[in-house]
Amino acid sequence: MITRRNFLAGLAASGATALFAKPLTAGSGDDGLLISAARRSDGSFVLVGCTENGEITFELPLPGRGHATTLSPDGKTAVHMARRPGRFMLAVDIATGTLREFVNAPEGRHFYGHAGFSPDGKLLFTTENDFDRGRGVIGIWDCRDGYRRAGEWDSFGIGPHDLTLLPGGTVMAIANGGILTHPDSGRAKLNIADMKPNLTFVDARDGTFIRRIELPSELHKNSIRHLDSGPDGSVLFGMQYQGAKTDAPPLVGHVGPDGTCTLFDAPETLTPQLQGYCADVAIDGSGRFGASTFPRGDRIAIWSIPDGKLMMLNTVRDSAGIATDSHPGAFRFSTGFGRLLTRVAGPDGTIAEHGARRFAGLAFDNHMTLADRHI
Amino acid sequence: MIRIAASAAIALSMAFFPQPDGARAQDAETNYTAIAAASVTNHILPRYKHLAETGATLAGDADAYCADPDAAAFFALDRAFRDFWLSWAGIRHIQFGPITYLDRAYRIQFWPDTRNKIGKQLSRTLADADSAALSPERFTATSVAIQGLPALERLLAEGHDGYAGANGAFRCALTRAIARNLATISAELITNWNPNDGYAHLIAEAGTGTGPYSETYQVPVDLLQSLLGEIEANRDTRLGHPLGSTVETARPKLAEAWRSGLSREILAASVSGIEDLYLNGGFDAALRTGGEDALADRIKVLFTRIAKDISTIGMPLYDAFGSTEGREKLQTIRAGLKELAALAGTDLAVALDISPGFNSRDGD
Numbered sequence: 001m002i003t004r005r006n007f008l009a010g011l012a013a014s015g016a017t018a019l020f021a022k023p024l025t026a027g028s029g030d031d032g033l034l035i036s037a038a039r040r041s042d043g044s045f046v047l048v049g050c051t052e053n054g055e056i057t058f059e060l061p062l063p064g065r066g067h068a069t070t071l072s073p074d075g076k077t078a079v080h081m082a083r084r085p086g087r088f089m090l091a092v093d094i095a096t097g098t099l100r101e102f103v104n105a106p107e108g109r110h111f112y113g114h115a116g117f118s119p120d121g122k123l124l125f126t127t128e129n130d131f132d133r134g135r136g137v138i139g140i141w142d143c144r145d146g147y148r149r150a151g152e153w154d155s156f157g158i159g160p161h162d163l164t165l166l167p168g169g170t171v172m173a174i175a176n177g178g179i180l181t182h183p184d185s186g187r188a189k190l191n192i193a194d195m196k197p198n199l200t201f202v203d204a205r206d207g208t209f210i211r212r213i214e215l216p217s218e219l220h221k222n223s224i225r226h227l228d229s230g231p232d233g234s235v236l237f238g239m240q241y242q243g244a245k246t247d248a249p250p251l252v253g254h255v256g257p258d259g260t261c262t263l264f265d266a267p268e269t270l271t272p273q274l275q276g277y278c279a280d281v282a283i284d285g286s287g288r289f290g291a292s293t294f295p296r297g298d299r300i301a302i303w304s305i306p307d308g309k310l311m312m313l314n315t316v317r318d319s320a321g322i323a324t325d326s327h328p329g330a331f332r333f334s335t336g337f338g339r340l341l342t343r344v345a346g347p348d349g350t351i352a353e354h355g356a357r358r359f360a361g362l363a364f365d366n367h368m369t370l371a372d373r374h375i
Numbered sequence: 001m002i003r004i005a006a007s008a009a010i011a012l013s014m015a016f017f018p019q020p021d022g023a024r025a026q027d028a029e030t031n032y033t034a035i036a037a038a039s040v041t042n043h044i045l046p047r048y049k050h051l052a053e054t055g056a057t058l059a060g061d062a063d064a065y066c067a068d069p070d071a072a073a074f075f076a077l078d079r080a081f082r083d084f085w086l087s088w089a090g091i092r093h094i095q096f097g098p099i100t101y102l103d104r105a106y107r108i109q110f111w112p113d114t115r116n117k118i119g120k121q122l123s124r125t126l127a128d129a130d131s132a133a134l135s136p137e138r139f140t141a142t143s144v145a146i147q148g149l150p151a152l153e154r155l156l157a158e159g160h161d162g163y164a165g166a167n168g169a170f171r172c173a174l175t176r177a178i179a180r181n182l183a184t185i186s187a188e189l190i191t192n193w194n195p196n197d198g199y200a201h202l203i204a205e206a207g208t209g210t211g212p213y214s215e216t217y218q219v220p221v222d223l224l225q226s227l228l229g230e231i232e233a234n235r236d237t238r239l240g241h242p243l244g245s246t247v248e249t250a251r252p253k254l255a256e257a258w259r260s261g262l263s264r265e266i267l268a269a270s271v272s273g274i275e276d277l278y279l280n281g282g283f284d285a286a287l288r289t290g291g292e293d294a295l296a297d298r299i300k301v302l303f304t305r306i307a308k309d310i311s312t313i314g315m316p317l318y319d320a321f322g323s324t325e326g327r328e329k330l331q332t333i334r335a336g337l338k339e340l341a342a343l344a345g346t347d348l349a350v351a352l353d354i355s356p357g358f359n360s361r362d363g364d
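From first to last, the protein sequence lines stand for chains A and B.
With our numbering applied, the first sequence corresponds to residues 1 to 375, in that order.
With our numbering applied, the second sequence corresponds to residues 1 to 364, in that order.
Warning: the hint list may mix true and false statements.
Here are a few chain A residues that face chain B, going by a calculated C-beta distance under 8 angstroms [said to hold, decoys possible]:
#	residue
1	Arg39
2	His67
3	Arg83
4	Gly134
5	Ala188
6	Leu190
7	Lys245
8	Tyr277
9	Gly336
Among the chain B residues that face chain A by a calculated CB cut under 8 angstroms, a handful are [said to hold, decoys possible]:
#	residue
10	Thr57
11	Phe358
12	Asp364
Chain A regions said to be covered by chain B (calculated; three or more residues, Cβ under 8 angstroms) [stated by the list, open to error]:
#	region
13	85 to 91
14	284 to 291
15	295 to 301
16	314 to 322
It is worth saying that the hints were derived from the structure and are not from the lab.
Cβ atoms here follow ideal geometry from the backbone N, Cα and C, with glycine treated the same way.
Produce the entire structure from the sequences given, and follow the hints as far as they go.
Okay, here's the thing in structure tokens:
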């Protein structure tokens, strides 16, 4: 069941925002590595590894625009996916930034841009379009055998964009955005009038359908696009509304470990100014906080989970990517103007800001991933 | 108490954050407002008005033909259909505001149709011959595939004779339903755009109210995206796909409106529409005010060149896709459109500071 909340968003406790000059991890000896697709000022596309201190550790040219990066469970390999309707993915050794594998989508398939590893690291799952049948599929790849195609499952919806494996690795959540596209028509949306997105849970061991969550019919144009899972098995999802610009639908929702679905509807975020567009969502290491980015409305937000209280809504231009690690409450945000920002939600509900960085000449793309570079 | 504390904390956290990209210069603000006003007054409102007029004519001619179906009435209906489509081609690049309400853009022109939804839905509707399904209330809720121009085109493509058979009366009733639907949608667009409390008012209030435009620069960003979107659609979807990579892989039936042979005129109307947006919608003036005459001249000359290239293809687009000579001309047009997209999307956007950002403009 979907519940709509009507109370005003607020913080559980009062408190001023603290501002720290230093990066979150500076001096701790385990400076995190941030990995993101980016566009360089000459128009070329790269996969970038960088630190919060402003150091660029690698820059790998991409054959086209990239989208999301997924880390292997051992933390050594990053798999980066082409942006839809791209057909490449690459596996990168993150310690050195060297390319290990370059893999193309099978005939008749293109990638949507997201992937996830099985908990043992043996398999990689990718969201794909079986475009001639207009059917969403989950591609399965054998990582131990040069990313050999090992099969595919039904995604149980049109346009599976993002997927996430829940802790334990036996359940996979899939965001079926609901929008039909075909490479013959580029990125044109072919079924907006009757689209029907869903959030599907399948058994990650055999692809068996478990259950599906659909939005109320008046929100059928709210494409469920991005996902992140928390340590307790809850899922935060971000939506992109395909209806009128004057509408102000909720853009973030949460599914608890018990299956309760809540749309976060803090009034500050129910505004046409966000232009119906959430670019990314993330859950922190503690599972108590979630973040979302609204680049068309130039806002970033932090929420408390599971109640959906709005903890922070800041004005930041063109921010999309959000990265988290095990650090409780910590979120890194990237922007299309090459900025990197950190916000840390404290247990008392205060939000601390850490030093911002700017990487000149880089426009960070949609998603960012945080790895421990010293593994 | 909790609520008060909450808003205080949020306000504090925003105060601590440095202003995004610094304050925008006053002359930039003036440009934004001028472009918004000129685009609405000189471009959007007159063109939607024209669309509503051609829509009313189309509905009237469909009524007249079905009441007294002769060849002359069919000719008038067919002409009205063409006029409406050309009128639509000159304003369909506006992809924000009331056109996005109630699936209007899709209902006017569901295209491209890679899964032949139009053909399937049309066959089913004609076979069912259920007159009750053509009432305005039910028809506006039926599949978008048969509500607009491509379905009407198929009905008209069989000519006056196509309405002669046993099913002719229902076929005419469906034709009337589509024509009336198009007239209604285009009339609603004018109503919803009205400057008193409609979308034109929301644009005039940009940067002050609580509408969709919290900052003035967002209006020119919407307009520029509309312009760029139409250039890209012409280049890739409407020309690129039917062209294929070689003359052997050309697929002229992927062209827009190939059945009515209207493809080339539509392309010309589309380019003319975005040229009008650029020239009379305040972009050209803003560039010249800012001393960017050279850039403004380049864009203007390029528009003229592309229009001339389109007018001198010398054969129907359908034939051009499959002919070596025609393909060369189409590739020249595509190259011109690409150059135009670069000038408008990069040089103009930078000069007028209306870059909407990487992720906000083209995120996924």
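- Does the CB of A:Arg83 sit less than 8 angstroms away from some CB of chain B? 6 angstroms, holds
- Task: So, B:Asp364 near chain A? Judge it on the closest CB pair being under 8 angstroms.
- Result: 6 angstroms, holds
- Message: Quick check on the hint: A:Tyr277 CB to chain B CB, less than 8 angstroms?
- Response: Given a least distance of 7 angstroms, the restraint on A:Tyr277 holds.
- Proposed interface contact between A:Leu190 and chain B, which counts if any beta carbon pair is under 8 angstroms: 6 angstroms, holds
- Once the shortest beta carbon distance from A:Gly134 to chain B is found, is it less than 8 angstroms? With Cβ-Cβ at 7 angstroms, under 8 angstroms, it holds.
- Query: Given as covered by chain B, does the region 85 to 91 of chain A meet the bar of three residues or more with CB within less than 8 angstroms?
  - Reply: Violated: only 0 residues of the region 85 to 91 of chain A have a Cβ under 8 angstroms from chain B.
- Query: Per the coverage rule (Cβ-Cβ under 8 angstroms, at least three residues), is the region 284 to 291 of chain A covered by chain B?
  - Reply: Coverage by chain B is violated for the region 284 to 291 of chain A (0 residues, Cβ < 8 angstroms).
- Closer than 8 angstroms between Cβ atoms is the bar; does B:Phe358 clear it against chain A? Give me holds or violated. B:Phe358 check passes; min Cβ-Cβ to chain A is 3 angstroms, inside 8 angstroms.
- Query: Per the CB criterion, is B:Thr57 less than 8 angstroms away from chain A?
  - Reply: Hint on B:Thr57: violated, closest Cβ of chain A at ~27 angstroms, above 8 angstroms.
- Item | A:Lys245 as an interface hint toward chain B, with CB separation required under 8 angstroms | 5 angstroms, holds
- Is the hint on A:Arg39 kept, meaning its closest Cβ partner in chain B is under 8 angstroms away? 6 angstroms, holds
- Annotated coverage of the region 314 to 322 of chain A by chain B, confirmed only when three residues or more have a Cβ within 8 angstroms: holds (count 7)
Hint check: violations occur at hints 10, 13 and 14; the rest are consistent with the structure.
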